Amino acid sequence: MPIFKKKRRCEGLSVAVDVRQDALLLAALRGGGSVPLSASLSRIPLQGTGRPGPERLTQLLAPFVERLGLRGCPAVSLLYRPQFHLILTDAPDRVEEADLPAAMRWRVRDLLDFPADEAVVDVLPIPVRELPGEGAPVFVVAARQETVRSRVTACREAGLELRDVDIPDMAHRNLALLLPREESPGTCLVILNPESPLITISRDGELIFSRLLGVDVREELGALSLAGEEATEAEGDGGLHFEEGPSEGERESRQEALTGYAERLALEIQRSLDYYDSRFREAGVQRIHLAGEGALVEGLVERLEEVLGRGFRFLDPRDLMDISMDSEPESDPGEVRAQEAIYALGAALRLQGTEAP
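Residue numbering for the sequence shown follows this note's numbering, beginning at 1 and increasing consecutively.
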């Protein structure tokens, strides 16, 4: 049954396709501007097979596109590192904007792991003041032409009208538009997604800083899960006995795991902000929004505030828009599914023309 029963079913609708290692996520989003945002999520588990190739992606997507009535609807899809490179550098002087991608292709060629003439290149200006002796800072996004082409083909053959191939960093930028405006240096957002844990700063609808955090979110969550295990083998019957609550030792083990996670994460965040301060010499970040599956850890926000001495605010995507699962349109998707889909939701905002509040 289609999600939206309307004659012009694609009007005002954007679809995001998030191809992860563990699942394929679809977010069908309506609204923006004066219209409240609403999203329907679909999840296709990949059962340990890894990120699908183009043919398999089409096979997985097509039945969902047909069943949900999304054929011909505008769509965007996400690439993850190392499928693309995001490079912070300076733009050359006296180069017209139209010529900038070609100029930057050769400027960053030695930083790519594939030939520069095989790259699709985009340049994102960074709206910060230029420092004496330095050029205008820009982000250069580079991906293999074949990677982009195959994703476009796979989604279009599944029935979607794929208009853009995007990156998680820009999904951050889109989500930041829905958050309270921070005057200086901007809105700082940390999303602890297992595929791409990122810290970004956005201002006035533009991405001005992004860094991949050196934290293995899956490993950290696994360690916390093991530390919090409450099952103990009962003597005498050889079975599993589930106690009413964790033992003192289990509580201590979990606290140690939480402390280690928070300290490693705090170190990465501080390194990122130190680099931002030294590179752009702007006002320091005072409040950080925290989201993603890796943020769903009791006590993490408080521990980060203790370690870093900065304010943290947990971000639940359900506070930004109405979200449901396509299989249960009247039900709340739950915290885990909403956080899992946060990059898909952010990517879908690209096609909605969302304005800062």
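There's no promise every hint is true.
Computed spacing ranges between beta-carbons, pair by pair [claimed, not checked]: (1) L226 / V95: 22 to 28 Å; (2) R271 / E298: 23 to 29 Å; (3) E335 / G311: 34 to 40 Å; (4) G299 / S150: 39 to 45 Å.
For the record, the hints were derived by calculation from the structure and aren't laboratory data. Being a predicted model, the structure only gives us computed values, none of them experimental. Where a beta carbon is used, it is the ideal one built from N, C-alpha and C, also for glycine.
Tested hints:
For the pair L226 and V95, the supplied restraint of 22 to 28 Å is violated, since their beta-carbon distance comes to about 53 Å. Restraint check, R271 to E298: a C-beta distance of roughly 25 Å satisfies the suggested window 23 to 29 Å. A C-beta distance of roughly 21 Å is found between E335 and G311, which places it outside the suggested range of 34 to 40 Å. Taking the beta carbon of each, G299 and S150 are about 43 Å apart, inside 39 to 45 Å as hinted.
When held up to the earlier numbered hints, the structure conflicts with 1, 3 and fits the remainder.
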